[in-house]
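What follows is the residue order along each chain.
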Amino acid sequence: MASNNGSALSIEDMCFRFSKESQAFAIKIDSLQIEKGARVALVGPSGSGKSTLLGLICGVLTPHSGTINILGNRLEQMSSRQRDKFRAETLGVIFQQFNLLPYLSVLDNVVLALEFSNKHNFSTAEKNEKAKRLLMALGLHGESLLQQQASQLAVGQQQRVAAARAFVGNPPLIIADEPTSALDADRQSEFLDLLFAQQEQNGTTLLMVTHDRRVAGRFDRALSLLDICDISGSPGISS
Amino acid sequence: MIILRLALHSLRNRRITALLTIFSITLSVIMLLGVEKIRTGTKASFLNTIAGTDLIVGARAGDVQLLLYSVFRIGAATANITWKTVEDIKVRPEVKWVVPIALGDSHHGFRVMGTSSDYFDHYRFRRNQSLEFSSGKRFDDLFEAVVGHKVAQQLGYKVGSEIVVAHGSGRVSFGANHDDKPFNVSGILKPTGTPVDQTVHLKMEAIAAIHVGWENGSAPRGDDIKSAKLVRQLDLNPQSATALYVGLKSRMMTFSFQRWVNTYQPEAISAILPGVAFGQLWNILGNVEVALLAISAMVVFTAFLGMVISVLGSLNERRREMAILRSVGAGPTQVFGLLLSEAAILVLAGICNGVLANFGILYFGRAVIENFTGLSLNLELITISEAKLMAGIFVGGMVAAIVPAIRAYKLSLSDGLTIRT
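Residue numbers (the working numbering), protein chains in the order written: chain P, 2 to 240; chain D, 101 to 521.
So here's chain P without its partners, still in its complex pose:
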């Protein structure tokens, strides 16, 4: 733990292959360091291995060699159950779109992020209170809106609900996978403002994948996936 005090995420000599065959899709990263509290954009075209990289960071995929260190915790040394729990407690995830369970209300979708870890041992009322506060901060208020089925929201609203869910457990690291690509330019910028405001307030580390240079320009640091990753084979084969 001591060795990575300053890093939120540190990947070293990591190699991941989808299968043992030599032609199969593989991704190699020599070194990737993301310091705590930073906003980092990962920029790369589709097919540059971003889904795989996110899967590795979130602990649903395991590297074949090397280390993935999140806040001093070695992911590759954990069991899959431990990684699930770790993800529930440490990471907030925002997808490109369709982030919400269509059959839950807006509020329940946010609270969902608190349900799979023991760390967030709040009462239902406390959970709802936390969720409501965040939704409010992200510009979503009104009891009727909170009780609405998630599937009835506009895309922009859905993304903000997803952001609220990512932040609700106060995770130290937020992973966002092109959360703005489905939004128009105005909404994009508005969404990023809200995202950054929350990130600053909580001191969260934000790692966001995007293919949009303009969006990437608003981050502290923009890394090119093609520079970091060494990719062979096609991810289309078995992904």
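The hints are simulated quantities; they were obtained by calculation from the structure and are not laboratory data.
Check the hints yourself; a few may be wrong.
Stated by the list, open to error - Simulated crosslink set (DSS-like; lysine-lysine; CA at most 27 Å straight-line): (1) D:K196 <-> P:K86; (2) D:K510 <-> P:K29; (3) P:K37 <-> P:K120; (4) D:K184 <-> D:K196; (5) P:K133 <-> P:K86; (6) D:K143 <-> D:K237.
To be verified - Listed next, the stretches of chain D that the computed footprint assigns to chain P, with coverage defined by at least 3 CB atoms under 8 Å from CB atoms of chain P: (7) 163-172; (8) 236-249; (9) 444-453.
The beta carbon of each residue, even a glycine, is placed where N, CA and C say it ideally should be.
Using the hints provided, position chain D relative to the given structure of chain P.
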């Protein structure tokens, strides 16, 4: 807990499919429970066709054959028992009562049975229930008859109706009728669900009376014809009986008395214990019921198959949902649990609905069923054996649900957080 809540919400979201699945499980449960209830009801009613009678004595024959003709009026006796033998049995110290029956004639396809008035005292069915009259009373006069519920219903008889007995047991009697000696219906019995419903009861003496002059086996001619009035003056004491229902003073004596009957020298007769013979007969008939139960089980299986197909079909569109769940920290095991919980809810709802619907049908339909078939079904929400059956169905449903749950587990493991459409 969260998994169960998600399962409920998810089912509500797909309520049409869910309701249809529950409906099909409900129907199959109703069918299975219905068959089970009828099966146990029929068995109980069958085994209780005759109660209170310790032994049935007839000409020496197989147990089942003796039971078939003496109780079900199916087939014919190999021989009759002479009245001398009947008297010998009556005076045995073990014997409490003897009711003779005489078979051989028929009335529009219904069997005619001669017996004594004691028959109405001693014949018991369904755990000690006595015969009751829906109208009229026992036969008193020589030419009076008591008819079963079905006889009266089908032939439209009322107390006072006149009936003619046909010689022999066929539906068509080839003109050999005892039409010179018509009978009046003195009473009609309530339905019993036993062969009594289909029997015309006459006095033992009446059987003798209508056969006066038939000693050589064909209708009497010329001087042999005796009018009904004349017949009354003859000695009509019965000369023989087809079988005897015997009640003993103590159950303990059953086997020694049976041995005495079976070794009775003057005539070849045998005694059967109705319960034992019924058991033998049920072993033959019982297979039909098992087949019915097997068919119902297959209907349940089909309902589960429908559930599995609908869940499997929806899995692809639910991959996104699984990725979301995994992103907030759910493991593949929890995704597995979610699918299994959904199935558990569907199956449980189906079982509960089925049990309740069955109870409702029984509650409202019991009287009708009893009236039409004589089958008396117990009004119980669920018996222990039915509860076991339902538990079996639940386990079966869970086993079936494992198939899509495993598929979801594998999908969520390979998909991870990658959202696919």
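Evaluated hints:
1. Between K196 (chain D) and K86 (chain P), the direct Cα distance comes to roughly 81 Å. Violation of the 27 Å bound is thereby established for this hinted pair.
2. The straight-line distance between the Cα atoms of K510 (chain D) and K29 (chain P) is roughly 26 Å, inside the 27 Å bound, and the hint therefore holds.
3. Only pairs whose Cα atoms come within 27 Å are accepted, and K37 (chain P) paired with K120 (chain P) is accepted, the gap being roughly 21 Å.
4. Among the hinted pairs, K184 (chain D) with K196 (chain D) is consistent with the structure: their alpha-carbon atoms are about 18 Å apart, no more than 27 Å.
5. Among the hinted pairs, K133 (chain P) with K86 (chain P) is consistent with the structure: their alpha-carbon atoms are about 24 Å apart, no more than 27 Å.
6. Simply put, K143 (chain D) and K237 (chain D) have alpha-carbon atoms about 31 Å apart, too far for the 27 Å limit, and the pair is violated.
7. Counting residues of the region 163-172 of chain D whose CB lies closer than 8 Å to any CB of chain P gives 0, so the stated coverage by that chain is violated, three being the minimum.
8. Counting residues of the region 236-249 of chain D whose C-beta lies closer than 8 Å to any C-beta of chain P gives 0; at least three are required, and the coverage claim is violated.
9. Figure legend: the region 444-453 of chain D, annotated as covered by chain P; annotation inconsistent (0 residues with Cβ-Cβ distances under 8 Å, at least 3 required).
In the structure shown, a violation is registered for the earlier hints numbered 1, 6, 7, 8 and 9, in ascending order.
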